[in-house]
Structures are given as C-alpha cells and as structure tokens.
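Chains C and H, in that order, are what the protein sequence lines are. Each residue of the first sequence is one higher than the one before, counting from 1 in my numbering. Each residue of the second sequence is one higher than the one before, counting from 1001 in my numbering.
Keep in mind that the hints are not guaranteed to be accurate.
[To be verified] With the Cβ distance kept under 8 Å, some of the chain C side facing chain H (calculated, not the full set):
#	residue
1	39
2	43
3	54
4	78
5	133
6	134
7	137
8	165
9	185
10	189
11	212
[Claimed, not checked] FRET-style restraints, in silico, Cβ to Cβ:
#	chain 1	residue 1	chain 2	residue 2	range
12	H	1030	C	85	26 to 32 Å
13	H	1059	C	179	49 to 55 Å
14	C	77	H	1056	43 to 49 Å
These are calculated hints, taken from the structure and not from any lab test. Glycine included, each C-beta is placed from N, C-alpha and C at the ideal position.
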Amino acid sequence: MHAVPVAPEETPGNAAPADALSPGFADPVLDAQAAFRAVMEALARPGTPQRLPVGLAPPAPLSPALAAIALTLADHEAPLWLDAPLAAKPAVAAWLRFHTGARIVADGREAAFALVSDPAALAPFDRFALGELAYPDRSTTLVLACERLATDRGLVLEGPGIRETARLDAAPLPDGFVARWRANGALFPRGVDVILTAGDRVVGLPRTTTIRE
Amino acid sequence: MSAAVATTSTSDSTPAALETGYNFAYLDDQTKRMIRRAILKGIAIPGYQVPFASREMPMPYGWGTGGVQVTASVIGPSDVLKVIDQGSDDTTNAVSIRKFFARTAGVATTTRTRAATVIQTRHRIPEEPLAEGQVLVYQVPIPEPLRFLEPRETETRTLHALAEYGLMHVKLYEDIARHGHIAKTYAYPVEVAGRYVMDPSPTPKFDNPKMEMSPALQLFGAGREQRIYAVPPYTRVRSLDFEDHPFTVQRFAEPCALCAGTGVYLDEVILDDRGGRMFVCSDSDHCEERRAAGHRGTMLADGTVDGETTDA
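Throw the hints in and build the complete structure from the sequences for me.
Shown next as structure tokens:
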C-alpha cells in the first residue's frame, strides 16, 4: 500500500438543491414503527390526536408530517400522488422517490396515498381511487397538511373508534368538506380515508366516521 | 447428567439475547409496510378481510403465522408483549412466540394482562377487561365466516360485497330446527359496525360480548389464508341471532376449582379414568392473580376454600 497524498476536496460540483438531498429517518426501522403506530392509533380513534416522530427536513413545501407518513407507508407497491404545490417543486418528487422508491403518479386513481399541502384546493374525492364493492381496500388515503388541528371544539365526530362523540377543528379543510364527507360515507364500504396533520399532530378520519356541524 | 454438559448447555431461564442478523421484530421493512397498509385498511373498513402477501415464517402455518406477522408489524421497543394460547401463557405456542419476540425485537414480555400493551392471542379474550391503548392480536385459522357454507372465494367475496348474509342465517336456523338451539359454540359469527359479518376466530362464544365496544383495538391475522381484518375500539359487534332465539353465552354450574372464580370461562380437566374431573379457569393469568389475592377453590392443594372455615 502506498500512501498517496490526497488533495482536499474541491467545492462539490453537484448542482442538485441541497434540500433534495436531505436525509430520511435517522433510524428508518424504529422511526417508521413509531410513525405507523401514531397513524394506526389515529385511524383507530378518530378525533384523538397522536404524535408523529418529527425531525425530518424535507424539501419545501412538503411538511415534515407528510414526509414522515410517506416514508412510513409508501414504497414501490404503494404509489404517491402530489397536489399542485408539491408537484411544482421537482425536489419534492426527487426526495420522495429516493427515500421510498415509490412511483409518483399524475392520476389520483392510481395512488395509494395522496399528499396534499394545500387542503383548501383539494380535488373532488372521485379523482382518487374509491375502491370497489368487492375490494373496498383498493382506495386512496388522503394525507392533508393543515395549519390548525384541535380536538376540543368544532365539528362533531361519531362512529367506530369513538366512545360517544369527538370534536375536530381543523383548517384549512377542502371546500364544502362536511358535505363531501357525507357523500363519501354514503359510498361505504367504498370511499377514501383521510389523515389530517399539523406540526407533529395527526388525526385520522376513516370512512366510517360521520361528521356533523 | 455430566457436569460438563450442564455447564456448557444454555439454560432456558437465561434472558434471551437479542439476535443479530435480523431486522427489528424479524420481518423486513418492506413486508412491514405492506402489512401496515393492510392494517390501516382493516381499521377503516371494520370486519372486512383485507388480502395481504403473507410471508413464510419460521414456524408452520397453524401456529399463529398471521398473528405473528401482525404483531411484528405493530410492535415497538417500548411495548410489553403478552401471548396466550387457549387462555394460557404457559403452553408451547405461547412460550415460543413470546421468546421469538424477546429474541428478535428485545421487547419486554409479561403474563399480566394489565401490564401488556400488545396481546397476541389464540382462541381466547382475557377475562381482565382490556383498556385503551392495548392492542389485541388474534391468530386466525379460517377468516371467512361463510367458507363452510360456500367454498368458492369468488362467491364469498361477492356475498360480502352485497352484504348478502342470508346463507349464514339459514345455517343458524337449521341449527335451531335440528337441535332446538343455535349449536355453534365457538367462532360464532358477528356483525361488525352494522355491515360486515366476521369470524371472531375460534374463540368460545363466551368471549363474543367482550368484543362489543371494547376500549382496545382488535387486529386479526390469518397467515395461511392471507387475510388481515380489524375491529376498532368502541365498535358495535353483534352476535348473529333471532328475536325468538337470542344469543346467549355458556354458563358454568360450579366456580373454578382453583380460584373459585365465577363468570369466567372454564376448562374441563380429566383427573383419572373413573370419571374424576375438575373445572379450572382457562385464563391462567386471571386464575393466578385471584389465587395470589387469596381466593381459594375447592381443589386447590392448600385445602382452604373461599367462604369456608378451614379447621377441618
């Protein structure tokens, strides 16, 4: 072995934006487990907020909560759909592809998970997979990045997972959300499920939950 | 036994060291993601059987491969695992699965129902009422409640899609016509959240009422049949019946012979070949806790009996 003197690295010539290269979970196995348990408890107990492990610094405008759920559940068998603000930034798709191996699909009906950074402008639910009567599980789960997520006031939730009633005050929500959610419930057992996030909080709305104002 | 063998053999009582070379909780993360997605769908559609790509596990089908895969996908380092087989923490299957997760995930294990966060079960629901935050994972052999009435998967899938459960009611009616009562005593079909008819796995129908509005999340894994399904907490679970033949559970004439417990499910133990027998709690932890609290059954070895003086 000859000791070859190595010149100090020149400044990296890589032109990719730094945030597209930001790391995934510090501990991919245990962080994904913690995030899954939060999402599982959230969907099993609608209206009871859970805490996601945070610490991710994904490229904007992808929120750390959406990023954590994508890293936990998406892979080559579970494609992702991005809403317009996320799709407009190539670094977002690049980051998700690198860390999950998931396809990014343009048609919401092919997506297992839809990542929504601007919930107010969310497309109608029928732009996503609603499942079939024989296979209602073949539906899209919508993951929304809200700014406000409180469970001590607001809409009244009832259904499986809720002892009596639960409350939900989330904003922004898709326009006409309560009416759209009622139409979604009428499709049961078909329909979409919704996961609401804000900061490190996550609240689940499975298709069985009924909402009234 | 030679001293040399005794010193070199590893004792069963030694705490299991965490196995290296395996992912946390044995399964690879791609498999866990696939199972986790199925669990979320199962929770969102209570009672619906979600297909999943069941893996080969280091145990044969029929030994709880479905439950083990669900547990492996749910469990984390801070969980406390309890495993029961027919109510007992001490049978081969329960001991093996507890050791499996102690070795591959390094999780704490317990036999105490109250102390557990994840309980994997074969064929019983603990007597101790479950609490919020607990997850009950059932090992399921045949997940399809209609399978013995209609063998074709394509047909049963359509029957579920259309919520066409007349066949099941005919079966229960035929029981009444033939026996005078609904003769099914285990795997008694339930309707979940007013929609899907579900097999609660071969638990005695005694346990069916415990599923109704349970604070715990109930997950079901069928490894060979590749199905996962769920009952969320606080969900209506109605045992199928008729107005003039309402659902009832088994009743036992005498209390547990060891702990004097009543209102619990009892196992019959044959004592000799002259008809001698005793009835004891099927839930071994429940029975031990009662005995530790001072309850005494008629056949407990120390000879004291609940409610009687012991100066015999």
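Hint by hint, here is what the structure shows:
no.: 1; hint: 39; verdict: holds (7 Å)
no.: 2; hint: 43; verdict: holds (5 Å)
no.: 3; hint: 54; verdict: violated (17 Å)
no.: 4; hint: 78; verdict: holds (6 Å)
no.: 5; hint: 133; verdict: holds (4 Å)
no.: 6; hint: 134; verdict: holds (4 Å)
no.: 7; hint: 137; verdict: holds (4 Å)
no.: 8; hint: 165; verdict: violated (11 Å)
no.: 9; hint: 185; verdict: violated (12 Å)
no.: 10; hint: 189; verdict: holds (5 Å)
no.: 11; hint: 212; verdict: violated (18 Å)
no.: 12; hint: 1030/H / 85/C: 26 to 32 Å; verdict: holds (29 Å)
no.: 13; hint: 1059/H / 179/C: 49 to 55 Å; verdict: holds (50 Å)
no.: 14; hint: 77/C / 1056/H: 43 to 49 Å; verdict: violated (18 Å)
In the structure shown, a violation is registered for the earlier hints numbered 3, 8, 9, 11 and 14, in ascending order.
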